[in-house]
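Novice: Based on the sequences and whatever the hints tell you, model everything.
Protein chains in written order, with the numbering used here: chain A, 1 to 355; chain B, 1 to 355; chain C, 1 to 355.
These are computed hints drawn from the structure, not numbers from a lab. Errors might be hidden in some of the hints.
A pair holds if it fits inside one copy or across any two, identical chains being indistinguishable in the list.
[What the hints assert, rightly or not] Taking lysine-lysine and the DSS-like style, the derived pairs with C-alpha atoms no more than 25 Å apart in a straight line are:
1. Lys-342 - Lys-270
2. Lys-342 - Lys-322
3. Lys-322 - Lys-201
4. Lys-304 - Lys-342
5. Lys-270 - Lys-201
These figures come from a predicted structure and were not determined experimentally.
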Amino acid sequence: MADIAGVALGEIARQLGGELIGSEATVIDRIGALVGATPSTITFFSNPRLRAQLDTSDAGCVIVGPSARDAGAARRAVIVTPDPYLYYARLTQWWVARGRPALQPAVHASALVDPTAQVSPGALIGPFVVIEAGARIADGAQIGAHSVIGANASIGAGTRFAPRVTFGAGCSIGARGIVHSGAVIGADGFGFAPTEGRWEKIEQLGAVRIGDDVEIGANTCIDRGALDDTVIEDGVKLDNQIQIGHNVRIGAHSALAGCVGVAGSAVIGKHCTVGGAGMVIGHLELADHVHISAGSMVMRSIRKPGVYTGVFPIDENASWEKNAATLRQLHSLRDRLRVLEKSLPQDKINDPKTA
Amino acid sequence: MADIAGVALGEIARQLGGELIGSEATVIDRIGALVGATPSTITFFSNPRLRAQLDTSDAGCVIVGPSARDAGAARRAVIVTPDPYLYYARLTQWWVARGRPALQPAVHASALVDPTAQVSPGALIGPFVVIEAGARIADGAQIGAHSVIGANASIGAGTRFAPRVTFGAGCSIGARGIVHSGAVIGADGFGFAPTEGRWEKIEQLGAVRIGDDVEIGANTCIDRGALDDTVIEDGVKLDNQIQIGHNVRIGAHSALAGCVGVAGSAVIGKHCTVGGAGMVIGHLELADHVHISAGSMVMRSIRKPGVYTGVFPIDENASWEKNAATLRQLHSLRDRLRVLEKSLPQDKINDPKTA
Amino acid sequence: MADIAGVALGEIARQLGGELIGSEATVIDRIGALVGATPSTITFFSNPRLRAQLDTSDAGCVIVGPSARDAGAARRAVIVTPDPYLYYARLTQWWVARGRPALQPAVHASALVDPTAQVSPGALIGPFVVIEAGARIADGAQIGAHSVIGANASIGAGTRFAPRVTFGAGCSIGARGIVHSGAVIGADGFGFAPTEGRWEKIEQLGAVRIGDDVEIGANTCIDRGALDDTVIEDGVKLDNQIQIGHNVRIGAHSALAGCVGVAGSAVIGKHCTVGGAGMVIGHLELADHVHISAGSMVMRSIRKPGVYTGVFPIDENASWEKNAATLRQLHSLRDRLRVLEKSLPQDKINDPKTA
Chain A
1 MADIAGVALG EIARQLGGEL IGSEATVIDR IGALVGATPS TITFFSNPRL
51 RAQLDTSDAG CVIVGPSARD AGAARRAVIV TPDPYLYYAR LTQWWVARGR
101 PALQPAVHAS ALVDPTAQVS PGALIGPFVV IEAGARIADG AQIGAHSVIG
151 ANASIGAGTR FAPRVTFGAG CSIGARGIVH SGAVIGADGF GFAPTEGRWE
201 KIEQLGAVRI GDDVEIGANT CIDRGALDDT VIEDGVKLDN QIQIGHNVRI
251 GAHSALAGCV GVAGSAVIGK HCTVGGAGMV IGHLELADHV HISAGSMVMR
301 SIRKPGVYTG VFPIDENASW EKNAATLRQL HSLRDRLRVL EKSLPQDKIN
351 DPKTA
Chain B
1 MADIAGVALG EIARQLGGEL IGSEATVIDR IGALVGATPS TITFFSNPRL
51 RAQLDTSDAG CVIVGPSARD AGAARRAVIV TPDPYLYYAR LTQWWVARGR
101 PALQPAVHAS ALVDPTAQVS PGALIGPFVV IEAGARIADG AQIGAHSVIG
151 ANASIGAGTR FAPRVTFGAG CSIGARGIVH SGAVIGADGF GFAPTEGRWE
201 KIEQLGAVRI GDDVEIGANT CIDRGALDDT VIEDGVKLDN QIQIGHNVRI
251 GAHSALAGCV GVAGSAVIGK HCTVGGAGMV IGHLELADHV HISAGSMVMR
301 SIRKPGVYTG VFPIDENASW EKNAATLRQL HSLRDRLRVL EKSLPQDKIN
351 DPKTA
Chain C
1 MADIAGVALG EIARQLGGEL IGSEATVIDR IGALVGATPS TITFFSNPRL
51 RAQLDTSDAG CVIVGPSARD AGAARRAVIV TPDPYLYYAR LTQWWVARGR
101 PALQPAVHAS ALVDPTAQVS PGALIGPFVV IEAGARIADG AQIGAHSVIG
151 ANASIGAGTR FAPRVTFGAG CSIGARGIVH SGAVIGADGF GFAPTEGRWE
201 KIEQLGAVRI GDDVEIGANT CIDRGALDDT VIEDGVKLDN QIQIGHNVRI
251 GAHSALAGCV GVAGSAVIGK HCTVGGAGMV IGHLELADHV HISAGSMVMR
301 SIRKPGVYTG VFPIDENASW EKNAATLRQL HSLRDRLRVL EKSLPQDKIN
351 DPKTA
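Specialist: Structure below.
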């Protein structure tokens with residue numbers, strides 16, 4: 001994928017900015033890592049721990065920050081920019097847009113579009129797509145093969161669905177979104193009333209409302225709300241295999257890594273992150289700028305920004321077995337410690353500060 | 001979704017029972033929460049902690065229990081019923097059934113149905129569905145777009161599949177089931193014999209047998225058995241993103257929340273619950289009425305009903321780091337405590353009960 | 001599934017080897033477990049703890065190791081072989097191959113194959129499959145219904161895709177692979193550059209390269225690499241609901257159980273195993289022959305072969321609550337213990353070895 005027709009370094013700098021030190025004529029045909037780079041590779045240097053890789057890289061050009069200007073230029077060309085990682089991100093976008101064949105808006109002959117659906121003439125509808133009554137597909141949107149767009153759903157301008165996305169009735173997504181394969185938006189929330197040892201289904205009457213610039217990973221699920229809607233605000237990024245329960249709200253520009261679960265009615269603030277397999281119990285609230293470490297289970301609301309963790313440290317199995325067994329007696333160990341403390345005359349106990 | 005043509009309160013009470021206090025003529029056009037309700041909204045009150053919301057709700061009618069009769073009626077209409085949450089569940093069902101267009105049983109022209117499959121004339125088969133040889137689809141069943149029904153599989157009366165369900169060869173589901181989008185029933189169990197550093201596949205010869213009134217969430221997987229079948233008994237409710245291994249048995253009316261995993265040959269009793277991301281190791285047994293908290297890993301069989309938990313408590317990262325590091329020495333701390341205890345003359349140690 | 005036309009025991013031994021003690025003419029019509037076996041069932045005995053089941057099994061033939069030869073033969077026929085479980089695995093393969101209708105290579109009339117794709121005349125392409133430009137499907141490969149094969153992707157000889165697999169542009173899989181329903185290979189890795197409180201997408205330019213003899217479970221995701229490729233080596237077995245991040249490398253013959261997550265750029269060695277819901281943080285390395293227990297989170301690189309665990313032990317909820325609360329004070333408990341130790345004259349503290 002990374003190899004498309006080459007481009008002169010000068011053209012890159014003209015398109016994306018930065019200060020180019022080196023020959024504008026150098027032809028670049030690949031974006032790559034520092035290691036394995038060739039004289040026609042452009043790469044970036046943003047992690048100071050990789051300094052040795054910078055010094056030995058054979059890359060034709062390295063995108064560097066001001067502090068690495070000299071080190072980078074000591075080899076071949078550099079582009080100096082305040083945030084090399086951000087420059088790299090934008091370079092990949094420009095690179096892919098350059099290599100991508102021009103979109104030919106069309107509805108594939110095999111797609112089934114209800115006559116009452118409104119599909120923009122600027123949209124691209126793939127093979128075997130099903131679009132139900134009253135759905136609206138905006139300009140520049142792309143719906144991948146085998147996707148199903150439910151009745152009265154709405155897909156914003158420029159939003160792209162990979163193949164095999166289910167987007168439920170009445171749900172909406174804004175502009176410039178990306179939804180990956182296998183995602184299921186708008187399945188029923190998990191709601192039942194217990195009665196006489198059985199579960200009586202509560203029909204889920206809400207929908208899912210998704211803002212602009214949202215990316216949703218492969219096989220991720222977002223359930224529709226029970227009464228009100230499940231809400232994903234602008235700029236949220238969801239990785240693969242995530243489960244978002246009914247009536248959850250995720251604040252703008254929060255990012256959730258793979259395998260995360262957020263149970264019903266939880267509210268996650270803006271600019272939060274949840275590491276892989278992190279879990280948030282239902283009906284909790286996370287303030288803005290809360291960061292949950294991978295594998296941690298959030299069992300209470302968190303009102304203060306910060307980093308929070310709760311993971312049993314991994315160890316050799318034999319050590320773990322001993323410590324885990326002892327853990328089940330921890331409370332009684334504390335009691336025994338307290339007894340000991342009370343058993344010693346107070347003047348015999350050294351001050352902890354000096355211990 | 002929640003807004004369909006209005007209905008008189010008297011009609012609701014006639015259909016669903018309960019004691020209506022207030023005007024039968026009040027028109028209801030929405031089921032909603034206490035907060036945000038309007039005079040044409042019907043809502044319910046079942047959680048005593050929301051009492052303030054009840055008092056200030058502008059809802060046209062609130063479904064209440066006997067103890068909230070007066071408080072509810074002090075505002076506008078109430079329907080009094082022994083279990084308001086159950087009444088609400090049934091109201092949503094009636095509401096949705098009312099709004100749902102009458103099903104036109106048919107096989108969509110684009111569906112591929114093997115000539116030896118038996119599809120009831122009362123079933124609805126969606127676009128691009130594939131039904132293989134010998135499969136049976138009972139009366140009132142609905143198969144969503146792009147679903148694949150394997151050879152000799154059996155779908156019970158009134159069971160509804162959302163789009164994009166894979167239902168494997170020889171598997172069966174009973175009546176009135178619901179299977180959400182992306183679910184995969186009957187993929188191979190994960191079985192291999194190790195040999196000379198490689199894995200030799202064990203073909204999975206069993207199927208999946210699912211009872212009546214079972215709901216299966218989006219992107220949930222239930223593997224077929226190795227020799228015998230994987231069994232999901234009547235009334236089981238599975239949320240999204242669940243993994244059920246081969247030869248598992250889940251007892252009637254148990255409910256598993258999102259992201260749960262149950263490894264091969266585990267047996268879960270009846271009326272159990274597993275919270276989100278709970279995990280059950282293979283070959284274990286859980287008695288009836290066992291409740292596993294979210295995020296807990298069941299590593300041994302549980303013979304006694306009750307609530308069981310095993311989650312590392314979340315904390316500010318700095319605190320967690322200290323405690324987690326100490327946890328790896330916990331067993332030796334216990335030994336050191338024991339040494340201290342033995343070091344003190346027994347008569348010097350105060351009795352724990354009085355400590 | 002397990003019941004197909006019977007076969008004489010002698011034929012089984014001729015095909016698969018082993019020493020048959022008993023009548024060659026015995027007709028076998030089912031592979032089953034020790035319990036529930038009938039005189040026409042063949043089963044196996046490899047777990048010494050099931051010895052009582054062996055003695056009472058009514059199976060027509062039991063596959064046994066040399067040490068169980070006499071016990072097995074005391075009932076009905078046995079096949080003696082050094083590794084009964086491996087023999088059983090191979091028997092299931094032969095059994096299924098025998099019962100499977102001969103493959104009729106063909107491209108289903110409803111499939112959409114780009115004219116520039118190269119589909120071997122010996123491949124089987126199912127209904128509604130989409131094969132994009134430049135993709136190559138080798139001899140004996142089978143692509144299940146509704147699967148989508150991206151541009152320039154490559155599927156090796158004899159590899160079988162279940163229905164509803166997404167296999168992204170430029171990705172490749174070797175020979176004799178199995179990919180189950182709902183798997184998504186080659187979705188974008190989760191890569192963003194933060195800027196001014198937003199996330200700037202990093203286009204993912206790598207692909208996914210998968211070796212020979214790899215099995216990938218239902219609804220499992222493997223993301224494409226950011227710059228270089230994500231690599232799954234020969235013989236790897238991935239269960240259902242797994243998430244493999246971008247640029248991960250999984251060494252040959254490693255096996256990952258259901259619900260596992262491996263974050264970006266992690267490197268897992270050869271012959272490793274990860275138990276269900278185990279998680280590996282990004283950028284870590286696991287040596288060859290490392291075994292991670294179910295539910296454990298790998299937070300640091302592991303250089304030494306062995307078994308590693310990190311799971312909070314499950315307990316009755318009331319006990320867990322006490323211990324978990326105390327755990328949050330564990331570090332201070334250690335300090336208090338240290339104070340006590342320092343408070344006692346050293347000669348008063350008994351030696352731990354003798355305590």
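Novice: So, for every hint listed, does it hold in this structure?
Specialist: Quick rundown of the hints versus the structure:
1. In this assembly of identical chains, Lys-342 and Lys-270 lie within 25 Å of each other by CA distance neither inside one copy nor across copies; the values are 48 Å within and 48 Å between.
2. For the identical chains of this complex, Lys-342 and Lys-322 are inter-copy neighbours only, at 21 Å across copies versus 28 Å inside a copy, given an alpha-carbon limit of 25 Å.
3. Taking the shortest Cα distances, Lys-322 and Lys-201 never come within 25 Å of each other, neither inside one copy (45 Å) nor across copies (36 Å).
4. Neither within a single protomer nor between protomers do Lys-304 and Lys-342 lie at most 25 Å apart by alpha-carbon distance, with minima of 36 Å and 38 Å respectively.
5. Taking the closest pair of Cα atoms, Lys-270 and Lys-201 come within 25 Å of each other only across two copies (18 Å); inside a single copy the shortest separation is 33 Å, beyond that limit.
Checked against the numbered hints above, the structure violates hints 1, 3 and 4; every other hint is satisfied.
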